[in-house]
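K.L.:
Listed in order, the protein sequences are those of chains A and B. Going by this note's numbering, the first residue of the first sequence is number 1027, and it counts up by one from there. Going by this note's numbering, the first residue of the second sequence is number 1027, and it counts up by one from there.
Please keep in mind that the hints were generated in silico from the structure rather than gathered at the bench. Owing to the predicted nature of the structure, the values given are computational and were not obtained by experimental measurement. Glycine included, C-beta positions come from ideal geometry on N, C-alpha and C. Keep in mind that the hints are not guaranteed to be accurate.
Restraint-style ranges between C-beta atoms, simulated for each label pair [claimed, not checked]:
(1) B:E1284 to A:K1433: 22 to 28 Å
(2) A:G1120 to B:R1361: 17 to 23 Å
(3) B:H1045 to A:N1233: 53 to 59 Å
(4) B:R1361 to A:E1048: 49 to 55 Å
(5) A:R1599 to B:E1284: 26 to 32 Å
(6) B:G1120 to A:R1060: 47 to 53 Å
(7) A:G1120 to B:A1541: 53 to 59 Å
(8) A:Y1065 to B:T1703: 53 to 59 Å
Derived DSSO-like pairs (lysine-lysine); straight-line CA-CA distance at most 30 Å [unchecked claim]:
(9) A:K1428 to A:K1470
(10) B:K1180 to A:K1490
(11) A:K1433 to B:K1064
(12) A:K1161 to B:K1180
(13) B:K1161 to A:K1161
Protein chains: 2
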Amino acid sequence: MIYFIFCIHNHQPAGNFEHVIERAYQRSYLPCLRIISKYPWFKVSIHTSGFLLDWLCMNHPEYIELLSSMKERGQVEIMGGGYYEPILSVIPPGDGYDQIKTFSARLKKVFGVDVKGAWLAERVWEPHLPYLLSKAGIRYVVVDDYHFIKAGLKREELGGYYVTEDMAGAIRVFPGSERLRYLIPFEPRERFIEHLRWLEQNLEKGNAVVYADDGEKFGIWPGTYRWVYQEGWLEGFIKGIEKERHWLRPVTFCEYMEREPPIGRIYLPTTSYMEMGEWSLPSSASFEYAGVVEGLEREGRDEIRRFVQGGIWRNFFAKYPEANWMHKRMLMVSRYVSEAMDDLKEYRLYASASRYLYMAQCNDAYWHGVFGGLYLPHLRAEIYRNLLRAENIVESMRSDRKRPLFKRVDMDGDLSDEVLIGTERMNLFFKPSEGGSLVEMDLKPLEINLLNTLARWQEGYHLKLKETESQPATEKAVSIHNIVRTAKVGELCFDTHRRVSLMEHFIRNDESFDAFYTSRYTELGDFFNGTYHTELTDSSLILSRKGTVDGLQVRLTKDIHPTGASTFVVSYRIENLSERDMDCRMGVEFNIILPGCNGRDCVLRAIPGGGDLPVDSHGEVEDVKGIVLVDRTVPVSFTVESSAPFLLWRFPVETVSFSESDLERIYQGSCFLFLFTVSLERGGVMERSLTVAIDREGG
Amino acid sequence: MIYFIFCIHNHQPAGNFEHVIERAYQRSYLPCLRIISKYPWFKVSIHTSGFLLDWLCMNHPEYIELLSSMKERGQVEIMGGGYYEPILSVIPPGDGYDQIKTFSARLKKVFGVDVKGAWLAERVWEPHLPYLLSKAGIRYVVVDDYHFIKAGLKREELGGYYVTEDMAGAIRVFPGSERLRYLIPFEPRERFIEHLRWLEQNLEKGNAVVYADDGEKFGIWPGTYRWVYQEGWLEGFIKGIEKERHWLRPVTFCEYMEREPPIGRIYLPTTSYMEMGEWSLPSSASFEYAGVVEGLEREGRDEIRRFVQGGIWRNFFAKYPEANWMHKRMLMVSRYVSEAMDDLKEYRLYASASRYLYMAQCNDAYWHGVFGGLYLPHLRAEIYRNLLRAENIVESMRSDRKRPLFKRVDMDGDLSDEVLIGTERMNLFFKPSEGGSLVEMDLKPLEINLLNTLARWQEGYHLKLKETESQPATEKAVSIHNIVRTAKVGELCFDTHRRVSLMEHFIRNDESFDAFYTSRYTELGDFFNGTYHTELTDSSLILSRKGTVDGLQVRLTKDIHPTGASTFVVSYRIENLSERDMDCRMGVEFNIILPGCNGRDCVLRAIPGGGDLPVDSHGEVEDVKGIVLVDRTVPVSFTVESSAPFLLWRFPVETVSFSESDLERIYQGSCFLFLFTVSLERGGVMERSLTVAIDREGG
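Bound-form chain A, shown alone (with noise of 0.2 Å):
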C-alpha cells in the first residue's frame, strides 16, 4: 500500500500580461480541475499564488466555486504560502510573516479553510526558514526529494514526512519527487504506475510519494494542450489510479499526516531543486556544472551524483547586479514602509503601501532560469512599478518633500555609499564606485524607472549554443528541461559592464561604432568603472576622479545639478594633467528603456532637425546637439541636450535567453552613446554641458 500526493502549484507573476493569464486559464488551470473534479476520491492538494487568486476571484469566479466546492467535500485541499509569492529568505522577516497571515487570512475568507500548508516559492530554503513559518502559523511545507538527498538521505528512505526546525520552530517536510516531476505529464501513465509499485516495494520508511510541482504544466508549458487534454493523459492517469485504488491511495498532505507519523528529523541544505543549482551558479561554473551532472548520468554514477551540488538563489544578486539592484531597492523601500507604519496606519494607507510592497517581492523578475524572469523587462518594470507606489504613499507624508533631497546611503550592500538625488517629481541614484554612473532615474508620477534595462549577460548556456548542433524540435510533449533549442539566434555579443547611465568612455578618434556595439572596442580609460570621489553640496553632487586615458593622467569631474522638479543639469570639466597632448573621443553613455520601448511605440528624435527615427535602429548621426526619446503609450519623454554638438551612437540592447519553448531575442533597452572630440594640450581643459529632462513632453 502506498498513499499518493498530488500537488499543484498555479502561479502567475504581479504584472503579467492579460492575455498570458487569460490564456493561462483556459487552456491549464480550467481544464486541469474540470476533469480532477470529475474524480471526487481523486484527492489534491492545490496552492494558487495570491496574485493569481485575486485575479481569478475578480475574472472567473466559476473557478473559485468549483474550486470551493471541491474542497467543502474534501477533494481538495487548500495550500497557503507567502502572497506574492516571494523567495522568502531574501525579503525582511516582518514582510515575509505579514505575506503568509494576509494570504492564510485571505484563503480563509474565500475558502472558508484554517490553511495549514505552505507553497515555498521555488523551493528556496534556507535552515533558519521553520522558525518564521512555524510562528506564522504553518505546519507543511513541501520541497523536492533533492533537498533531502544532499542532506545525505536515499531515495528510499523519503516514504513521507521529516520533521525540521530552528530555534525549536518545528515543522514537518515533506519530499516532492524529482522522477516525478519529469514523468508526470510528459511520458505514458503506465511508467508511473511501474514506478509507484517499485517505490512501493522498495520505500524503507514512510508509505508516501508526493508529486508537487507547476500547473502550468497541464496544457502551458509546449505541446502539453494537446497531449494532456486532446490526447487525454490526464482523464487517462486519473483512470489509470482509479484501477490501481486498493494499493495505491491519493491522499492530502493533512489526511497523510493525520494517518502516519514523521520518519523523523532532518536539517536541509539551503537549495532548492536540482535544476536550480545550475541556475543560479556563474555563468561558467554553470556550464561545467551541466556537463559534469550530464557526464554522471550518462555513466551511471548515482553514488558520486547524490553528494553533487549547485549554486544557491541568493546567488543571482551576485550574476546579475540588475536584480541586486532591484532587490535592494525593494528593501529600501520596505524599511520607508515600516518606519512610517504608525503615521501610515492613522491614515489607513499602511494596508495599501505594504500591498505593492510585497506586489514588488514577487520572485519571477529577481531570477532567470529556464523561464524568463529577469530578461522580462514588463516584470522588472512592474517591480518598480509597485515600489514606486508604496515609496509615493509614504513620501506622501512627508512635509519637505518639495525641497530636492541630497543623502548618501550604501543601498545595495556593496560597502560603498551611493548618492540619491531625490526631488518631487524624480528620484536619482548615482554610484560613485561604479563609475559615478546614474542606476537609476524614476519618474515618480509615472512610477516608473527609465534605466530599468538589462545588460547582455553571458549566461552559461550560451557556452552550451557553441557545442551543440540545431535539431529539429519535436512536435511530442516533452519535458521543457529536454528541449533542444533551436532558435537562430544571430550573433551574440556580451557586456562587460551594467547597461545604465552617464558613464564616460575613452576611445581613440578611430574606433567604429560596431566595435562599440559587440563590446569589442578599446577602452582607454579608466573612468567607467572607476571610483569617483563625492562631495555633495546644497544645491549639487560633485563627482570627480583622477585617472588614466591612454597613459596620459587625467581629472574628468561631473557636477550634477537639479534644476527642477523632473531636469537636471551634468557639468562636465576634463582636465589633460599630463605633460603630453591629449587626442581621443569621450563617449557619454546613456541606456533608457520607457514603457512604450518593447512595443516600439517609441521614437527617437535628433536635435535638431531630422525625423523620427525607430527606438530600436543602429548606427551614427552626426552633428546633434541632443535627443528626444518620446513615448507614444504613456506620456513621458527623455530628453539630453548639449551645449555642444556631438556624433550620437545608438543601437538596441538586446539579450538573447532562454524561455518556455526556445531563445529568445529580447529588447530591453536603447544605448546612446554621445561623443565629444577630446583634443587637449597638456594643462588644457575641456568643458561640456547636457541638460536632461524626463516627464511629459514638453512638461
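Using the hints provided, position chain B relative to the given structure of chain A.
P.N.:
Below, chain B alone, put in the same frame as chain A:
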C-alpha cells in the same frame, strides 16, 4: 607580489580540564607567540576565544602582556567573535548579538582595540548571518576557500575578499586556503614558498592568500611540538618568508582591506570547511561520501570534486539525539533568561545568568568530528552545569518554586509534547513519544543531569575500520586528517535507542545478558520506543500505552509521582489483555552517570547487602531489591528501591570514537536493567513500584 595573511585561532571549550589548558599553553600558545614576537615584520591576526582569554588573563598575564605589546607595535591584529565560541546560526540571534558585543567590549578593555573581524566558530556559515554580524559591528570574517568554491568560484578567483550581505547588512568575507591548512605546519617550508609562488603567477583576481586555522596545530596536535619547536619548523618558516619579502608580504586582514578593494559580490552556501561536510552526514552517507571524495582525488577528477558537498552542521542534531536535547534545553533556558530579563536586571543577576547561558552555547560538546566533542562526558556535563546555573538564577525569582510543577511542552522541537516535572531540587523530563522514557534528571543544587549518557551510535568511521587493516603509527608530524587509526578497540557494539531511563523492554526468559549488552537480543515488545498516552493530574504524571508483547495485547501504565524535593515513585501496572498467557521478563532500563563515574570514583551497592561493586563492572546479580550509586567526589547518590526483588543486569556504556591521535574507548555511564518475571494469565495484572531518590547520600 602577493600578500600573506597568517591567522591563528586559539580555543579551549568552557569546562575543559585545567591541566589540558595549561599543557596547551605551555606547548603551543606561549612558544608560538614567543617565536612570532621575535620577527616584528611578520604580521599575524589572532583570535583567542573568550573562555581561554579569561583563563589567560587570570593564569598567565605575561602572555596577555606579550600579545598587547605585539598589538601596540602593529604586529598583531586582535579578532573578535562570539564570546564562548558558539555556532552562531543555532543560537538565538539576540544571544549571538550579545555574545559578539560583550566579547568586543572585553577585547577593548584588555587590548584597547576596536574589533573589526570575527572568527566564525568552526566556520559554520549560513547565508543569513551577515545581517547579525554587521549589526554587531563586525566588518569581516574569515571562512574557507571551500565555501567559495561551493559557490561556483575557482581557486584562481580567490586572491582577496568578497562582499556579502543579508537584508543589505554587508560584511567582507575572506577565503582561508585549504591547501595551506594541510601544508602548515606539516610540510617543509619550501613547499609553502613554491605554493605561494605558484599563486602569485596564477591568481586571476586579487593578490592575497589567507592561512586561517587552529593554533593547537603548533604544538598540541600529535607530533607537532617536536616538529614545530624542537626541530625548528616555525622559526624556519618565518625566516624562509623573510628572504622572500620582496614579493611575499605578511599583512593583517585590516591592512589588506585598507589597501585593496573587494573582488566582488558573493553569496556563500550553508557550509563549513570541507571535513565538516563528511562528519555531519548520517553515518552511512558519511562513509560513502568519504569514499567518493577519496576516489575523485585519487583519479584527479577535480572538475567533479569542486561540486561535491557533504552535510550541514545543523544535522548533528538529527544524528545525535543527545546533542539535540542539550541544544533545545539551551534554547529553553535562553527563553527563561530573556523572559526574566527585567526582573533579573533589577537584581543584577541578568549578567550572571546570561554568562552561564552563553558558556552553555560553546560549540564543542554539541558535535563530533576529528575531536571528541560530544563524546567527552566532562564537556557535556559542563553544558548542563551552566544551563542549570542560569536556570537556578532565574528560578530564584519565582515565588512558587516549592510547589511541584507539571508542564507539557514540546521542548526538543519534534512536534510532540514532553512533560516536565519540576520540584525545588529536581527536574524530570519525560518523553511520551519515545517509550515514555525519562530523558533528563537534574539535581538542581549540584547542577548535574544524571542522565547525561551518550549512546553507542555507529559512526561512518566504524564502517571504515572494518575495511582498513591496522598500520603502525608514524613518528613524524602528520596532518591530523591523515592519521591512520590504530587502536585496538575490541568488539564494537551499537545502540538502536538513546541510553536514557525508565524504558521497558520485554524479553524472553532465556535471553542472555551478553545479547542485551551487545544489542543482539530480541525485543518482544513495542513499549521501549512506542508512543504513550499522557495524563497529568495535580500530583502525578500517568503514562499509558496499549501495545503488544510477542503478539499479545498488553497495557502498560506507569504513574510517576514526586514524593519529595528529590524523590519520586514510579508505579507500574502491566495488564495482559489477550486471550493467551504471558510469560517473559520485563526489564526496566536506567542509564546513569554521576560526576565521579568517569574517573571510576563511584561505587555501586546492591540492596540488600553485598559489598561495593566497581561502577563499570559487567554482568548480573540475582535477587536484588534495589541499587545505590554513590559518588565519592561530590555529595550525590542515586538510589532505586523496588517493591519486589529482581534480577539486575548492568554494564558500562562505552563508546569508541576518534580523538586527535587515535580511537578512544570512553565510559559514558552505567546501564542497569531491572528484570522482573512477568507471568500473567489472560486478563492478569501485575504491579511493581520503584522508588527513586537522587540527592546527597541519605539526604
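K.L.:
Compare the structure with each hint and give your call.
P.N.:
Here is how each hint holds up against the structure:
The beta-carbon spacing between B:E1284 and A:K1433, approximately 26 Å, falls within the hinted interval of 22 to 28 Å. Taking 17 to 23 Å as the suggested C-beta distance range, the pair A:G1120 and B:R1361 conforms, at roughly 20 Å. Range check, B:H1045 to A:N1233: about 54 Å between beta-carbon atoms, so the 53 to 59 Å window is met. Take B:R1361 and A:E1048: their Cβ atoms lie about 51 Å apart, and the range 49 to 55 Å holds.
In this structure, A:R1599 and B:E1284 meet the distance hint of 26 to 32 Å, their C-beta atoms being roughly 30 Å apart. Between B:G1120 and A:R1060, the C-beta spacing of about 52 Å keeps the proposed range 47 to 53 Å intact. Taken as a hint, the range 53 to 59 Å holds for the pair A:G1120 and B:A1541, whose Cβ atoms sit roughly 57 Å apart. At roughly 57 Å, the beta-carbon separation of A:Y1065 and B:T1703 lies within the given 53 to 59 Å, and the hint holds.
For the proposed pair A:K1428 and A:K1470, the alpha carbon gap of about 13 Å is at most 30 Å, so the pair holds. Between B:K1180 and A:K1490 the CA atoms are separated by roughly 20 Å; this keeps the pair inside 30 Å, and the hint holds. In summary, the hint linking A:K1433 to B:K1064 is not supported, as the alpha carbons are separated by about 49 Å, beyond the 30 Å threshold. Taking the CA atoms of A:K1161 and B:K1180, the gap is near 40 Å; set against the 30 Å cutoff, the hint is violated.
Straight-line distance between C-alpha atoms of B:K1161 and A:K1161 comes to about 24 Å, which keeps the hinted pair within the 30 Å bound.
In this structure, the earlier hints numbered 11, 12 are contradicted, and the remaining ones agree with it.
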